[in-house]
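One-letter residues, chain by chain:
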Amino acid sequence: MSPVPLARPLGMTELFSRFVAEEATAGLRHDIRNRLTALRNGAFYVQRRLEKETELIGRDPRLLKFLTQIDQEAGAIAEVLGSRLPPVTEVAPVECGIDEVTAILESTTVLRAVELTRDDGALRVKGNAAELQVALFCLIENAAEAAGTLADATTRVHVRARDGWVTLEVDPGSDIDTAERLGLKISKRVAERWGGKLELSRSERGAMAALKLRAT
Amino acid sequence: MTRVLLVDDTESARGVLAALLEDEGHHVVEAGSLAEGRQRAVSGTFELAIVDRLLPDGDGSELVRELSQLKPAPVVVVLSGAATEQVAGAKLCLVKGGSPVELLEAIAGVLGKTR
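If you read the protein sequences in the order shown, they are chains A and B. 197 is the number that the working numbering gives to position 197 of the first sequence; each next residue is one higher, with no gaps. 109 is the number that the working numbering gives to position 109 of the second sequence; each next residue is one higher, with no gaps.
Next up, chain B with everything else stripped away, as it sits in the complex (with noise of 0.2 Å):
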């Protein structure tokens, strides 16, 4: 089972990836916000941390540029509502509104290369 952190400030979007990637066999935990992320990101260890970029608080850029610091750092994917280019230390940047089964591919792919 993959420890999975989630960073998304819009509450229905989140709750419906947490529930499909639990509905894949991820234990997932929650966080609405960046300084929550932040909380949650040192309070466990994550195999795998989706952080969207533009949070109330602040840029998920930041987070993501800490998480890849942490040890063992958790493979990190962007899911922005934003078109949005390359952040630094995550493996997979992504656009919100795509195809859910490609969205789970991409993540299983991300998780694979790397165990």
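For reference, chain A alone in the conformation it holds in the complex (with noise of 0.2 Å):
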């Protein structure tokens, strides 16, 4: 038996868009940052330097003025860089029920294998219904990639509630490649933004990822 391909449901497709396109931006900030930090930590050194060991700087001012230039040029573009962005959801319920999130999984489109179990109770979490599917989703998505043509592999989604945080724990059966994933980035963005986290660890299957929200 081959995994049945995963497709994004319908309407989830125009924010999970803007989620990678969060985490690109994300990874482009923090790319020009580091490169930043060297120009600017790099032009103080030098003219430090100078001041110290010699008289250059007195003799052509044109030096110092170069040097302030760069530090205030990197320091314009780090200022744009710090800007917030708009969120991905304008307006938001800041808590939904948890059943609403897994919902998600009873979509047609979301044909794998999944067994779905939950702790009793009416469970409700700090965060907007429609970016913790997108979470779960890429979990799933995830799951299903590192699973690969496992036939017997079923990805395991547990609901856990406990110590104020209720945990969706998705069990793929397999390892997870947790190396530069663009959808565990994207779950890990989207648990933090409404803080919580995800966490992966080993299981008796291979390893386990869990998306803890906080309780409400």
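In short, the hints are calculated from the structure, not lab data. A couple of the hints might just be wrong.
What the hints assert, rightly or not - Here are the simulated distance ranges between beta carbons:
no.: 1; chain 1: A; residue 1: R202; chain 2: B; residue 2: A82; range: 24 to 34 Å
no.: 2; chain 1: A; residue 1: D119; chain 2: B; residue 2: E11; range: 44 to 54 Å
no.: 3; chain 1: B; residue 1: G109; chain 2: A; residue 2: A21; range: 31 to 41 Å
no.: 4; chain 1: B; residue 1: T45; chain 2: A; residue 2: G27; range: 33 to 43 Å
no.: 5; chain 1: A; residue 1: D31; chain 2: B; residue 2: E24; range: 22 to 32 Å
no.: 6; chain 1: A; residue 1: E23; chain 2: B; residue 2: R3; range: 31 to 41 Å
no.: 7; chain 1: B; residue 1: G109; chain 2: A; residue 2: R205; range: 44 to 54 Å
no.: 8; chain 1: B; residue 1: R65; chain 2: A; residue 2: R18; range: 29 to 39 Å
no.: 9; chain 1: B; residue 1: V110; chain 2: A; residue 2: E204; range: 42 to 52 Å
no.: 10; chain 1: B; residue 1: A82; chain 2: A; residue 2: R18; range: 15 to 25 Å
no.: 11; chain 1: B; residue 1: D57; chain 2: A; residue 2: H158; range: 24 to 34 Å
no.: 12; chain 1: A; residue 1: R205; chain 2: B; residue 2: R3; range: 42 to 52 Å
no.: 13; chain 1: B; residue 1: R65; chain 2: A; residue 2: K65; range: 39 to 49 Å
no.: 14; chain 1: A; residue 1: G121; chain 2: B; residue 2: V101; range: 46 to 56 Å
Said to hold, decoys possible - Covered stretches of chain B (in silico footprint by chain A; criterion: 3 or more residues with CB under 8 Å from a CB of chain A, positions within the stretch not fixed):
no.: 15; region: 1-15
no.: 16; region: 18-24
no.: 17; region: 93-102
Predicted, not measured: the structure shown is a model, and the values here were computed from it. A virtual CB, placed ideally from N, CA and C, is assigned to each residue, including glycine.
Could you use the hints to bring the two separately framed chains together as a complex?
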């Protein structure tokens, strides 16, 4: 039996695309900030050494002017990078029922074998249901990719409520490839946006991803 | 002389900051990954650790937690290329790309508070 390819449910595509854009932007900001740091600190280091060890800056005022310009220009770029992006969902209920989130698993487009179990109770979490659906879907998608062609691999999802957290445990029945996976990054970003976290751990069947959300 | 552990996977940013800190009179030990940071952390005693958050082999906040449990524990400053919220165990969390003067003042400040 080959795993059934996952198709993103209708309605999720736009939100997913926005998360991908947000993730890509965050990556770019991170890389640019790293380089700005090297530039600004480097210019400052050169200036200090010139001042301490030579009389060059006194003899040629352009040296200090240019070094200052490097710092100012890099600072201006850093300021632009620091400006906030609009949120992915402008208006959002700040809490939702966990069943609204797991409803994504009932979508006809998520056909790979997924077993859902849950702790009892009306479980509610901090977060926007549509965003959390994307986070869960990314984990299911990652699980499907990780399981590859394992014929007997069923993804198990268990909803656990404990100590102020509601955790969606996603066990793909195999190892999880954590290296630079966009889906995992998006899940983590969504979880952190709502005060939660994404944890990866070993499980009896390989590895497990836990999307931990704040209970309300 | 303050012993500083500097963990950052971006070689250019790490190298320049190390030079600046050495110019301030500190002794700097560099690490380019989470694993290397862990290794260096237990290889000596540090008064200050500057840790990048996004490392190729994991989240720098894990190292921050581990460093804060060492005895004696170094003062930890998180310096990240991504906008970051407070990290448990860190005295200070800064975003990269800021003014070097302000960075050095902030570092002197956290060291001064604990001396």
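Quick rundown of the hints versus the structure:
| no. | hint | in the structure |
| --- | --- | --- |
| 1 | R202(A) <-> A82(B): 24 to 34 Å | 27 Å, holds |
| 2 | D119(A) <-> E11(B): 44 to 54 Å | 47 Å, holds |
| 3 | G109(B) <-> A21(A): 31 to 41 Å | 37 Å, holds |
| 4 | T45(B) <-> G27(A): 33 to 43 Å | 35 Å, holds |
| 5 | D31(A) <-> E24(B): 22 to 32 Å | 27 Å, holds |
| 6 | E23(A) <-> R3(B): 31 to 41 Å | 37 Å, holds |
| 7 | G109(B) <-> R205(A): 44 to 54 Å | 49 Å, holds |
| 8 | R65(B) <-> R18(A): 29 to 39 Å | 32 Å, holds |
| 9 | V110(B) <-> E204(A): 42 to 52 Å | 44 Å, holds |
| 10 | A82(B) <-> R18(A): 15 to 25 Å | 18 Å, holds |
| 11 | D57(B) <-> H158(A): 24 to 34 Å | 29 Å, holds |
| 12 | R205(A) <-> R3(B): 42 to 52 Å | 45 Å, holds |
| 13 | R65(B) <-> K65(A): 39 to 49 Å | 45 Å, holds |
| 14 | G121(A) <-> V101(B): 46 to 56 Å | 54 Å, holds |
| 15 | 1-15 | holds (count 4) |
| 16 | 18-24 | holds (count 3) |
| 17 | 93-102 | holds (count 7) |
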